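Trainee: Listed below, chain by chain, are the residues.
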Amino acid sequence: MSEPKGRLEAPRRRASELVGRFSTANETWTLVALLILVVFFTIKAPGRFFTLTDFSLIAQNSATLLVMAVGQTFVILTAGIDLSVGNVLVLSGVVAGEYFVHHGGAGAGVGNVLAGVLIGIVVGAAWGAMQGFLVAKAKVPPLIVTLAGYGGAFGVSYLLTGGSDISSVPHHLVNSIGLSSVAGVQWLIVIAFLVAIIFGLILAYTRFGRYTYAIGSNPEAARRAGINVDRHLIKVYALAGLLSGTAGIMSLAFFGNTTIAGHASDNLTVITAVVLGGASLFGGRGTMWGTVIGLFIPAVLQTGLVIIHVNQYWQYVAIAVVLVAAVYLDQLRRRLRTRT
Amino acid sequence: MSPPPSGTALLEARGLVKRYGNVQALDTASFTAFPGEVVALIGDNGAGKSTLVKVLSGVIRPDGGEILVNGEPVHMSSPVDARKYGIETVYQDLALAPDLDAAANLHLGRELYLIPALKVLNRTEMRRRAVTAFAALGIQLPDVSAPVGTLSGGQRQSIAVARAVAYASKVIFMDEPTAALGVVQRERVLDTIRRVRDQGVSVVLISHNMPEVLAVSDRVEVLRLGRRVARYRTPETTIEELVGAMTGALTTEDDAS
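Protein sequences, first through last, are from chains A and B. Quick note: the first sequence, position 283, residue 283 per the numbering used here, numbers continuous. Quick note: the second sequence, position 128, residue 1128 per the numbering used here, numbers continuous.
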């Protein structure tokens, strides 16, 4: 009689194992935090939170940030950091903008629009690859490399434009991905979520993702397993640059100009999102799903505070506290683990 | 001292040199492993054991000397080269990625694919093979999908050993494989070493533990100051003799020649 009993227990054990893993995953707690926020604001402002909150506006404002956060997730998983993202966005937009100025301006044809888009994205990828090369081969710490890349991209953007934004952005670009919708959802949002889904799948299910985790977890183990760690790091930073470039094109299309001065703190917003989403700054742990949730927590918090008539700048204080708590818990867990 | 076994060596190092700044880690070091034996590589701290292992497993490149596999000179410029020759290593630090699970660590750098063109991983198959590989060594993990950083030292050790055993066709280096283990786990690792040898794979055991060396090895090679100084058949030697060779109290092979 013990045999059928054992058979019954097996799936139950597997279920409790799943529940256990779910409850210990960082992103679970991030999701819980997001839901608590939504519930809290719904109770505090009955009937008003959901009606007044324009979720599509939140999503639209977060679209370029989400695309950059996707790249940042890969970088942070390798135990790196990319401070350059916002200004690489600007640089890509500026280079594409310069191309448009000389190739038809606001009336540029489809061919030139596509060429400009491609150039902008390639510039971002090249900037990222250069940073990756310095991190992987020259062994300069990522913090310094991307801080330099942040300043450098900003400087080059100013030099190219003389400090005044380019606003002759082709109508084809603005009217397509900038302002139009598909099935009621803005193209900008569609693109951002497509990027998050595609690269989330790559992260979770492919060799590229597996190596990203492995390198962040123990680069020496990865090297001894025959993984070309340097080449992979260059790819990861190039990907972050490529996605910043993509965000640059999205921003250009949406705002209709290069918004040079508007992205100085994008890097901090994006890094905050990735860390709130449960990724470890020490590498090796985190998910794309967590990053998406982590990005929307500050946005929901801000909107909610406005609706319940609390000064919205409390948002920054709250995020600051949560951010430190998240990293502290990560540290604590690491210490507990190495003690065993 | 007895003459070394005759026949072609499976893996041989001749006159390896490796310098780190002013430190001469390997000073014309030689080493030989024959087919189907357990050979212990012993030496005092700083004798060059770990450096020799890293050179022979392709992790670091020597400044001079040559490496032969089955009598043929080979180049080992990366761990991938060593693997190609059927050489696997259990490093002292285990070289595991703590955030990845046991199956992912076992297949690290040798992933299996569901869709090879897109490099989509076949996680089910990798997990299945991992369970098989662990079972073959009598290893039971409470949860194959738990990050290995959450497992005990003995379990992590088992994973590193299982990984080497699963892929080695000629030689396995084990650098202090029992240092962090309890009595029961230590016995299990020694059993594994014997079992692997009986399957025809040579095992190079690096150890400080002389009784363990005498218990499990067929031969002993002694390194001192980056050079091989003595070789013994295990049944014909004693702890005193080994310690004497390690510390330089006895006359030695390459010094004398």
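These aren't lab readings, by the way, just hints derived from the structure by calculation. Don't take every hint at face value.
Stated by the list, open to error - Just a few of them, taken from the derived set where beta-carbon distance is under 8 Å, the chain B residues facing chain A:
hint	residue
1	S1078
2	L1108
3	A1117
4	L1121
Every value quoted in this text rests on a predicted model; they were computed, and no experiment measured them. Don't be surprised by glycine CBs; every beta carbon is placed ideally from N, CA and C.
Trainee: All hints are to be evaluated individually against the structure, with a verdict given for each.
Mentor: Hints, one by one, checked against the model:
Hint status for B:S1078: holds, given a least beta-carbon distance of 7 Å to chain A, under 8 Å. The beta carbon of B:L1108 comes within 4 Å of a beta carbon in chain A, closer than 8 Å, and the hint placing it at the interface holds. Taking 8 Å as the C-beta contact cut-off toward chain A, the hint placing B:A1117 at the interface is violated, the least distance being around 11 Å. Taking 8 Å as the C-beta cut-off, the interface hint given for B:L1121 holds, the closest approach to chain A being about 6 Å.
Hint 3 from the earlier list is the only one contradicted by this structure; the remaining hints agree with it.
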